[in-house]
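Line by line, the protein sequences give chains B and Y. For any residue, its number in the working numbering is found by taking its place in the first sequence, counting from 1, and adding 37. For any residue, its number in the working numbering is found by taking its place in the second sequence, counting from 1, and adding 256.
Be a bit skeptical, because a hint or two may be false.
Said to hold, decoys possible - Cut-off 20 Å, straight-line C-alpha distance, at most; resulting in silico cross-link-like pairs (PhoX-like, lysine-lysine): (1) B:K205 to B:K195; (2) B:K195 to B:K107; (3) B:K249 to B:K323; (4) B:K43 to Y:K431; (5) Y:K260 to B:K223; (6) Y:K450 to Y:K523; (7) Y:K362 to B:K43; (8) Y:K450 to B:K230; (9) Y:K443 to B:K230; (10) B:K327 to B:K249; (11) B:K249 to B:K238; (12) Y:K431 to Y:K443; (13) B:K223 to B:K249; (14) Y:K443 to B:K238; (15) Y:K431 to B:K230; (16) B:K223 to B:K238.
Stated by the list, open to error - To spell it out: a stretch of chain B is covered by chain Y in this simulated footprint if at least three of its residues, at any positions, have a beta carbon under 8 Å from a beta carbon of chain Y; those stretches are: (17) 100-112; (18) 191-199.
None of these hints come from the bench; they were simulated from the model. Keep in mind it's a predicted model, so treat the numbers as computed, not measured. Just so it is clear, CB atoms sit at the ideal spot from N, CA and C, and this is done for glycine as well.
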Amino acid sequence: MKTTSKLYRTEQRYAYLFIAAPVIGFLIFAMVPLIYSIYGAFTNWDGLGSMDFIGLENFINVFKDEYFYKSMFNTIYMMLGIPIGIVLALLLALALNRGIPGTNTFRVLYYIPVISSIAAISILWQWAYNGDYGLVNQFLAIFGIEGPNWLQNTSTVKPALIIMAVWKGLGYTMLLYLAALQSVPKSFYEAAKLDGANAFKSFWYITLPMVKPVTFFIIVTNIIGGAQIFTEINVMTPTGGPEYSSASVVFYIWQKAFGNFQLGYASAMALVLGLFIFIITLIQFKINEKNSFELD
Amino acid sequence: MSEKKKNRITDAVVFIFLSFGAIFMVAPLLWMFSTSIKTREDVFALPPVWIPDTISFAKYSEIWSMGPLLSGISNSLIVAVSVTVIGTFTSSLAAFAFSKLHFNGKNKIFMMLFASVMIPYPVLMIPQFIMFSSVGWVDTLLPLIIPGFFGNIFMIFFLRQFLTSIPNSIIEAAKIDGCSYFQIFYKIIFPLIKPAVAAQLILWFMGIWNDYLGPILYLNSPEKQTLQLVIANFNASYAIQSDYPLIMAASVVALLPMLIVFIVFQKQIIESIAISGVKG
């Protein structure tokens with residue numbers, strides 16, 4: 038027994054050594070900043086010297102700040118792209134799952150926007166949305182539609198960003214669905230067919246429930262990502278768009294923190310955003326739990 | 257109509273739809289390239305010209321003298337290579353410990369690390385910035401490099417999953433043969449998980465290469481900036497003069513390396529993503 042415990046102690050020592058880097062990294066780059074951020078949110082922190090405790094003042098101001106609401110509204114609005122992307126990606130995955138020739142090529146072509154740098158893509162689409170010479174309006178002109186100056190217009194700037202986001206993310210979501218579809222046993226469909234189920238019914242009662250874990254994964258990760266949208270806003274509408282109509286929360290936090298040096302106030306906003314993401318994720322997990330129970 | 261024939265017709269229709277879709281996906285990127293080889297007059301031609309009469313690659317030589325493009329590329333490479341090489345080492349070592357070694361609090365520590373991915377970056381970016389500025393690292397590449405050395409929790413998670421399929425008996429046998437724990441790692445475990453490591457490394461590399469928010473926070477001087485910032489600045493300064501061929505040429509340069517990496521490693525990348533999604 039004594040030797041075993043000695044062996045175990047050696048193993049444990051090595052194990053701690055091997056995990057030391059991520060644990061130390063977690064403490065320095067996540068834990069300490071998190072605590073600092075929470076503390077900073079209750080102060081008038083300006084990055085230079087003063088960091089006095091001011092209680093809930095920042096949070097009260099956040100909820101009185103019309104720009105915060107505006108950027109929050111914009112952020113949520115732009116998440117409309119998520120359901121659109123999911124439906125399109127599932128259709129694409131179903132199409133690719135038929136095993137038609139060229140599947141591999143299609144997979145690559147649809148995936149290219151995903152790996153492209155978001156900065157370059159933003160520049161490209163900014164040019165594509167140009168009112169006079171942009172590709173988008175040129176395309177619409179074929180159908181006799183006179184397109185707007187997409188990014189200069191309060192009513193079109195968000196849809197423009199949504200279209201671009203759907204285009205950019207489609208390949209990734211499609212790929213996840215394709216992998217999920219390929220793991221559905223063929224015998225399920227054969228059995229359903231014997232029972233007289235049509236194509237729609239087997240889709241509704243077999244495919245959809247089987248890809249549900251992936252759908253859940255996509256929704257959760259997309260919302261977390263969507264809540265943090267920044268680069269495309271910063272590159273395409275550097276001032277936050279006409280009447281701040283394309284500014285996202287992270288864009289506003291970034292402006293407040295590194296433009297105005299209102300670090301305490303920006304920290305408070307970041308915490309509100311963090312809490313928002315956390316609650317949304319929690320709700321989704323609850324819903325998922327309930328649904329999977331019903332499935333059994 | 258026989259079922260076989262019906263299926264064939266559906267396949268043909270699906271194929272046509274997929275082809276149209278593929279055109280929509282690739283057209284903007286082709287247009288980017290097409291614009292980069294146009295003359296300024298052709299850029300504003302109506303209707304648009306896809307293949308210009310005079311194809312000019314002049315902008316591709318011009319961009320190198322118009323902005324710090326070369327230093328942008330080398331800065332991006334420095335960050336991405338150093339982080340992925342060292343970070344992959346620390347991540348795979350940790351993944352080995354988390355899946356194959358016994359120690360107190362193993363699951364608790366792992367869950368704690370994993371919970372940290374729930375913290376959105378905007379929450380951490382302000383204190384992190386203050387931390388790095390207090391040690392004088394602002395406007396250097398260090399804030400983008402050093403945190404990566406401590407590993408990547410997604411990679412640890414992925415490799416840990418991958419390692420569960422490797423039998424423990426291999427490790428027990430190696431122990432009996434007198435291998436040290438580190439020898440077990442680099443002689444047995446690492447060769448076994450190499451394909452998974454490669455896929456994760458490429459994805460991580462791409463993520464760093466394409467990162468924008470981190471660099472924009474820390475890098476001010478043009479010659480210190482990474483490629484993504486350099487081309488964003490190209491855009492900001494040359495859009496006013498509407499020199500779109502120049503901007504697009506720079507964008508193509510920013511995009512091309514990852515496109516090549518993707519085409520070479522597409523099989524591993526696609527598989528890796530599929531696995532992480534289905535398991536996640």
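Worksheet item: Keeping to a limit of 20 Å between CA atoms, is the pair of K249 of chain B and K238 of chain B held or broken?
Response: holds (16 Å)
Worksheet entry | Agreement of K431 of chain Y and K230 of chain B with the hint, judged by alpha carbon distance not exceeding 20 Å | violated (54 Å)
Worksheet item: Is the hinted pair K249 of chain B and K323 of chain B satisfied, with a Cα-Cα distance of at most 20 Å?
Response: Answer holds: K249 of chain B to K323 of chain B is near 14 Å, not above 20 Å.
Practice prompt. Decide if the proposed pair is consistent with the structure: K443 of chain Y and K238 of chain B, CA atoms, cutoff 20 Å inclusive.
Written response: Violated. K443 of chain Y to K238 of chain B sits at ~52 Å, over the 20 Å cutoff.
Discussion item. Can you confirm whether the C-alpha distance between K223 of chain B and K238 of chain B stays at or below 20 Å?
Written reply: With a Cα-Cα distance of about 15 Å, the restraint between K223 of chain B and K238 of chain B holds, given a limit of 20 Å.
Fill in: Claimed coverage, the stretch 100-112 of chain B by chain Y - three or more beta carbons nearer than 8 Å
violated (count 0)
Discussion item. Please verify whether K431 of chain Y and K443 of chain Y have alpha carbons no more than 20 Å apart.
Written reply: holds (12 Å)
Discussion item. Using a Cβ cutoff of 8 Å, are there at least 3 residues of the stretch 191-199 of chain B near chain Y, or does the coverage claim fail?
Written reply: violated (count 0)
Discussion item. For K450 of chain Y and K523 of chain Y, compute the direct alpha-carbon distance and say whether it is at most 20 Å.
Written reply: holds (15 Å)
Item to complete: Assess, step by step, whether the Cα of K362 of chain Y is no farther than 20 Å from the Cα of K43 of chain B, and give holds or violated.
Response: holds (18 Å)
Discussion item. Check whether the Cα positions of K443 of chain Y and K230 of chain B lie no farther apart than 20 Å.
Written reply: violated (51 Å)
Discussion item. What's the verdict on K260 of chain Y and K223 of chain B, does the C-alpha distance respect the 20 Å limit or exceed it?
Written reply: holds (18 Å)
Checked against the numbered hints listed earlier, the structure breaks hints 8, 9, 14, 15, 17, 18; every other hint is satisfied.
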